[in-house]
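First to last, the protein sequences are chains C and H.
Each residue of the first sequence is one higher than the last, beginning at 1 in the numbering used here.
Each residue of the second sequence is one higher than the last, beginning at 197 in the numbering used here.
Honestly, the hints are just simulated from the structure, not real lab data.
Every value quoted in this text rests on a predicted model; they were computed, and no experiment measured them.
For each residue, glycine too, the CB sits at the ideal point set by N, CA and C.
Take the hints with a grain of salt, since some may be wrong.
[Said to hold, decoys possible] Computed, partial: chain C to chain H, Cβ under 10 Å: (1) HIS41; (2) GLY42; (3) GLU46; (4) GLY48; (5) HIS55; (6) GLY87; (7) LYS88; (8) PHE91; (9) ALA92; (10) PRO94; (11) ALA95; (12) ILE97; (13) PRO98.
[Claimed, not checked] Straight-line alpha carbon distances no greater than 27 Å define the calculated DSS-like cross-link-like pairs of lysine-lysine that follow: (14) H:LYS374 x H:LYS385; (15) C:LYS4 x C:LYS22; (16) C:LYS183 x C:LYS160; (17) H:LYS385 x H:LYS599; (18) C:LYS22 x C:LYS183; (19) C:LYS127 x C:LYS23; (20) C:LYS50 x C:LYS128; (21) H:LYS453 x H:LYS587; (22) C:LYS45 x H:LYS453; (23) H:LYS443 x H:LYS330; (24) H:LYS583 x H:LYS453; (25) C:LYS22 x H:LYS453; (26) C:LYS128 x C:LYS88; (27) H:LYS378 x H:LYS587; (28) H:LYS360 x H:LYS583; (29) H:LYS443 x H:LYS336; (30) H:LYS208 x C:LYS50; (31) H:LYS599 x C:LYS22; (32) H:LYS583 x C:LYS50; (33) H:LYS583 x H:LYS330; (34) H:LYS443 x C:LYS45; (35) H:LYS494 x C:LYS88; (36) H:LYS360 x C:LYS45; (37) C:LYS45 x H:LYS374; (38) H:LYS360 x H:LYS385; (39) C:LYS22 x C:LYS45; (40) H:LYS385 x H:LYS208.
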Amino acid sequence: MSVKKFAVATYLDEEVLFPAVKKVRHSGYKMHDVFTPFPVHGLDKEMGLKDTDLHVAGFIYGILGTCTALGFMSWIFLSDWPINFGGKPFFALPAFIPITFELTVLFSAVGMVLTFCYLNQIMPGVKKHVFHPRQTDDTFVLTIEMNDHVTEQEVLDFLKSTGANETYMEVAEEGWWYGRWDKEEDYQKGLVTAHS
Amino acid sequence: MTDRFEIPARLKTTAMVLILIGVITLLFGAITLMNSHASDHEIMHAERTRFWIVLLHNSVFFLLMCVASIFIQAAASLAQGAWLVAYKRVPEAIGANVWIFGLIAGIVLMCVAFVFNIDGHNPIYHWVHPEGDKILEGKKAFLNPGMFVGFTVVTIALWSYFGKKFQSLSLAQEQAPKNSTKIYWLTIKWSAAFLFVYALTQMSTTPWVWLMSIDAHWYSTMYSWYTFAGAFVAGMSMILLWVVYLKNQGKMDIVNKEHIHDLGKLMFAFSIFWAYVWFDQYMLIWYANIPEETWYFKIRQHGPYSLIWYTTFVINFIMPILILMSRNSKRNYFTVTFMAMTIVFGQWLNFYIMTMPGPLAENWHLSWYEFGIFAGFIGLFILTTAKTLAKNSLIPHNNPMLKEALLHQS
């Protein structure tokens, strides 16, 4: 991750935001992200986000849990410490199933939560740049990533034309960081390079 | 008019041929099996029993599967779910025909209990003549002819009534003034009443009386849930098959992948639920290892039914969980249709394994008679549902939830 320049536009209503997102997507500007105070249905489709692969990760974690439970119990009861429970076979598969089920659920649940946090760059104690102080309160924020092919004025004029309430430029650290909020100033001044 | 369904000639012919196969099988079975005079006494008894138990198996299976349609209507309207409204007419039509299957099942059950008799003893429902059997004499307070007739009549009458009621409520909504929600709230009250009835019949007592009493010595507290799970997942599959069929006919253009996805999810989830209950029932008995309970599974798992027993598990659990797990396969018409057909067959086999081992033991068959009767019931199911569907518009135009159903995203 690195420090980049963004054009920021705020909207007061999702009914203005929706057409704006559509226009930005068709204009060819690189949309960075959209922040909303509440989940807006259909916004992900409008932004052109592709479906998440989180389920695949969940499936893999689940399989991992199944294998851990079955493997561990088999190892204990077949080789490490075989115990005769009421004449049942040592490899008592039906008795293993509930534990296997629980571990499958546990692994996939915990694994998916951690993967979700990683993909969205949220975690306790971790900070991310806030483009607008009211972006989680009552304001919808749309950000465009700047590059050498576009000028600031052009992008800001374009955003104004989509019905934005405010438009401004902001230099921000793109990724997440661990530590205090003001650590970002060091990144912005180029004093340190952000990790990852 | 794209919202009117006219029964295609091909569907009608198919249904008629299937019914014909069923009727011929029944007649042929009545001649060869019911009047069997096989020289071996045991074979003769088994053949006569087979005639009745197959009818019982199929009629109860189809009845419970159709009642699942009433249940999903009641559950969806009580939860104010709009997703069902897009293809509401299908469960409605199936539910409205419950009385036909109820009548058949009622007649078969009565005949099995009171007409079928070999040397003063009933090979299917042993409890009809409990004399000399200490366990059955002890269960006489519940398992007796009076209770059996009472439960059967009340259950079938209530189910038939509610099936018709939900259809007539939904059709009355069509005539109601625009944006009127009076019937909508009335339906919710009726749904609550039906869930109460359903909980006291299908989810508890009815499977005990009809199916569990075939193995009258044995009992399981999970049994009714197990029966419900099987019937429900088969019922969802049948609704899905109808919806896909109507869509292929170019009729239900308001139904899209989002709605199919929902039905796929229900099929997937309840296949897992079925396996959960199936395993629960098995594991508790396996763990406790009490001889009077384990013989039920001994004949199924290690005895002559072993292959069918494992096949039902693969078809009803392993296949749905692996094939329907991904989002894409639940939104693919081919995979859901294929899985729906497999699940219906798998649940039919599951009901087979619930009914056959008790009376027939090792003299079981899975051949012309079983499949012939199955075909006849499928034909009857197709014909009755198609006829009811053709009577009314396929889209509930005046339903307050219709707009939400159109915009539904799953």
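How the hints compare with the structure:
1. HIS41: Hint holds; HIS41 of chain C Cβ to chain H Cβ min 7 Å, cut 10 Å.
2. GLY42: holds (8 Å)
3. GLU46: Violated. Min distance 13 Å.
4. GLY48: Hint violated; GLY48 of chain C Cβ to chain H Cβ min 16 Å, cut 10 Å.
5. HIS55: holds (7 Å)
6. GLY87: holds (8 Å)
7. LYS88: holds (8 Å)
8. PHE91: This interface hint is violated because 14 Å lies over the 10 Å limit.
9. ALA92: holds (9 Å)
10. PRO94: Hint holds; PRO94 of chain C Cβ to chain H Cβ min 5 Å, cut 10 Å.
11. ALA95: holds (7 Å)
12. ILE97: holds (6 Å)
13. PRO98: holds (8 Å)
14. H:LYS374 x H:LYS385: Holds, because 21 Å separates the two Cα atoms, which is no more than 27 Å.
15. C:LYS4 x C:LYS22: holds (23 Å)
16. C:LYS183 x C:LYS160: Roughly 31 Å separates the two Cα atoms, so the pair is violated.
17. H:LYS385 x H:LYS599: holds (22 Å)
18. C:LYS22 x C:LYS183: violated (35 Å)
19. C:LYS127 x C:LYS23: Violated, at about 30 Å.
20. C:LYS50 x C:LYS128: holds (23 Å)
21. H:LYS453 x H:LYS587: Given pair LYS453 of chain H, LYS587 of chain H holds - Cα atoms ~26 Å apart, limit 27 Å.
22. C:LYS45 x H:LYS453: Distance of about 16 Å is within 27 Å: holds.
23. H:LYS443 x H:LYS330: violated (57 Å)
24. H:LYS583 x H:LYS453: Given that 27 Å is the threshold and the Cα spacing comes to 26 Å, the pair holds.
25. C:LYS22 x H:LYS453: It holds: about 24 Å lies between the C-alpha atoms, which stays within 27 Å.
26. C:LYS128 x C:LYS88: violated (56 Å)
27. H:LYS378 x H:LYS587: holds (24 Å)
28. H:LYS360 x H:LYS583: Between LYS360 of chain H and LYS583 of chain H the Cα gap is close to 15 Å, so the pair holds against 27 Å.
29. H:LYS443 x H:LYS336: Since the Cα atoms of LYS443 of chain H and LYS336 of chain H sit roughly 51 Å apart, the hinted pair is violated (cutoff 27 Å).
30. H:LYS208 x C:LYS50: violated (44 Å)
31. H:LYS599 x C:LYS22: The given pair, whose Cα atoms are some 24 Å apart, holds under the 27 Å limit.
32. H:LYS583 x C:LYS50: Between LYS583 of chain H and LYS50 of chain C the Cα gap is close to 43 Å, so the pair fails against 27 Å, i.e. violated.
33. H:LYS583 x H:LYS330: Answer violated: LYS583 of chain H to LYS330 of chain H is near 50 Å, above 27 Å.
34. H:LYS443 x C:LYS45: holds (26 Å)
35. H:LYS494 x C:LYS88: holds (15 Å)
36. H:LYS360 x C:LYS45: Between LYS360 of chain H and LYS45 of chain C the Cα gap is close to 41 Å, so the pair fails against 27 Å, i.e. violated.
37. C:LYS45 x H:LYS374: violated (33 Å)
38. H:LYS360 x H:LYS385: Roughly 15 Å separates the two Cα atoms, so the pair holds.
39. C:LYS22 x C:LYS45: Roughly 10 Å separates the two Cα atoms, so the pair holds.
40. H:LYS385 x H:LYS208: Answer violated: LYS385 of chain H to LYS208 of chain H is near 37 Å, above 27 Å.
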